[in-house]
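Peer 1: Listed below are the residues making up each chain.
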Amino acid sequence: MNLLPDSQQQQILDTLSGLLREKAPIDRFREHGEVGNEDDRLWPILGDLGFLGLGISDSFGGVGLSAAEEVLVYREFGNQLLSVGVFGLTLGARIAALGGDDTMCRQILSGSLIIGVASSLHTPVQMSETACAGAFHLFEASKADLILLMNEQGAALITADQFVERKSVKPMDAILTLERSQLPASRPALWIDASDDALHTRAILLASAYATGIAATTQSMAVEYAKIREQFGKPIGSFQAVKHLCAEMAIRSEAAQSQCLFSALVVAEDRDDKDFQAISSKITSVDAALQNAASNIQIHGAFGFTAEANAHHFLKRAHVMDQLWGDLRHQRARLLSLPTPAT
Amino acid sequence: MDLHFSAEDQQFREMARDWLRDNIPAGRRPHHGEEMRTFDTAWQKTQFDAGWAGISWPTEYGGLGLDLTRQLIWYEEYARAGAPDNHLCFVGLNHAGPTIVSHGDEHQKRKYLKPVLSGESIWCQGFSEPNSGSDLASLSTRAEIDGDELVITGSKIWTSHGHLSDMQELLVRTDPDAPKHKGISWVIFDMKVAGLELRPINIMTAPNLPHFVQCFYDEARIPLANVVGGLNNGWKIAMSTLGFERGTAQIKDQIRYAHLVEEMITRAKKRFGSENLHTDEIGSRLAQLRADMAAARAMTYMTVSRAKAGNPGAESSLMRAMVGQVQQKVRRLALDIIGPEALENPDEDDWVYFYLRTFSTTIAAGTSQIQRNIIGERVLGLPK
Ligand SMILES: Cc1cc2nc3c(=O)[nH]c(=O)nc-3n(C[C@H](O)[C@H](O)[C@H](O)COP(=O)(O)OP(=O)(O)OC[C@H]3O[C@@H](n4cnc5c(N)ncnc54)[C@H](O)[C@@H]3O)c2cc1C
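Protein chains in written order, with the numbering used here: chain G, 1 to 343; chain S, 1001 to 1384.
Be aware that a few hints might be false.
[What the hints assert, rightly or not] Covered by chain S, per the in silico footprint, the following chain G stretches (three or more residues, Cβ under 8 Å): (1) 2-8; (2) 266-280; (3) 332-338.
Derived by calculation from the structure, the hints in this document are not laboratory data. Heads up, the beta-carbon is just placed ideally off N, CA and C, and yes, glycines get one too.
Make the full structure from the sequences, and use the hints.
Peer 2: Set out below in structure tokens:
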């Protein structure tokens, strides 16, 4: 039993964090216009280095590793607030591989297909091999060829033009494009039933890993600022009111991170309690991301409230993570309905 | 990263499971007095006689000399079997004992360690004083050297089970002129020594029965040879074993509390109906606690992983803080699930008794505020 990355995993992490620090520094958002981002420039690079296909078997052009490695890189993605389009690629490639579509899988892994992410609005959703339908938010879908759609029943890739009444809305998280749209009953291009692969569980797990990145980065932003900002002749981090906020952030981060790694291993082994663990992970990590992002703004004072400071981006992205594949309320209700795990 | 235990570990787990199933004492553990002492020492002796005491203690002093993974497995199986905690043995097993293992001389190890494992000798902790709680290093109980003896005068307070103990790990000031952290010694004190008087103190769970005592030392004499780890070196020694040992012993609590949450879900479904629970505030709190308990377990695994990699580090304080907090939430929610019956018979109803009891989890062994200071300063590097 060991929750720490082994040397190969550490190498993956070091390579990726070096790359993202160079190609996707948080300050990149300042140079961009009103809404959106240019992260799709990164997809071919990440694809080329294998980061998009870590959990895909090598016969489909992937790396043949497990959910454990995916979780480690998604935490890094969260640290740098990579476009949520990346979920479309990782999970879309898995759908393509499981669906036996070698060509599509390789296209996705090379970054030449763009996949938007659908997140259901309030109305009930229909999901089956023959027809998917409902009302959705579409993230990062303006240039997308395909849309990723999934819930507890299964996972689908749907051609983007099947979505109708598409209307751009002003996103709270302005780094992402957001649309409202309807999907009339449509046959998915590819469908993977939940009984064949727990893709939805994996999606929840990756969203939680991304959220642990938000929790950890906002924690270190707050702690660093608390060490250098002085008031009353001292660093503000010496005041207990601030110090204890930071300590709370660290406790939440540690809890979320530990549970995320633990559940990744449970998912990788396809254990019976995978939903229990992954949902627990989403609850603890989204909660940590939301609360840490909020404390980070508070600790930065008025500076934290400005558009120039990066603090607000993390808060807004944490809310997106909450909504993706079921918010806290939904996850709590699901968790309560599951049986007690055997182990 | 992996969740697997080796075949030998697995075999150890099965042996532990089988043995625990057949040997845990029947009946409810008494919470007080001689009855509790009899219960706890008998249970400790049963473990010792069967070769299960002191999993990580060196073999030459009666332990099993096994690694941290085995310790984790033992605690997991212990809690799963529903084995009762022998709180009276806690200080000896998890604090005074490990301190002597790390810092004691050969004579001290030979004399004091085995009786802890066998349940013959019960230890208590004499650290806090009336004017030195969170600021422990300000302690003023004085020990003067007189030939080959120490003469102790002063007072300790909140000594859990002091009236039921044989020995005490005691912090005394041996150099009043040195800076406050540098004049303290860690000594072994025999509770039968003349010059010690005890005043019992009752606690909120049992207004008529003492849990702890105040100790008054009036020129009580102990051999100078009872100093552990060198004169005036007591602060360093006390701190070196304080955090980690307590942390690993918490593993049992986490598993126990995860079970409790499951029991509470069953109970809540009965009282409110399963259909209604999802939309109820109680249901949402239960689900949150399920997630929190899962995370607490994962944090333990993380702590053990770090320790095995050779750096236990201050991070284990994150786990302690989290667990103390969650335990209180669990106990609080249990009361809401029980409803009006919670107002009755606190001594007989474990749910009510432990609800009241967990108020101490954020006070004893370093308050939650002090823990947050430690996290801020030692884990995050924030200025004092
Ligand atoms: C059930 C129980 C069993 C115990 N058993 C033992 C035992 O066996 N042996 C033993 O030696 N002791 C024992 N203790 C004592 C325990 O270690 C002390 O209670 C603890 O260290 C706090 O000290 P205090 O009670 O004097 O509180 P104080 O230090 O007076 O604290 C009072 C309040 O002030 C806060 N506070 C104090 N300083 C700071 C600060 N710097 N920053 C922020 N807040 C601060 C505290 O958090 C607390 O809320 C036990 C306590 C309990 C409740």
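Peer 1: Does each hint fit the structure? Answer for all of them.
Peer 2: Here is how each hint holds up against the structure:
no., hint, verdict
1, 2-8, "holds (count 5)"
2, 266-280, "holds (count 6)"
3, 332-338, "holds (count 5)"
The structure shown violates none of the earlier numbered hints.
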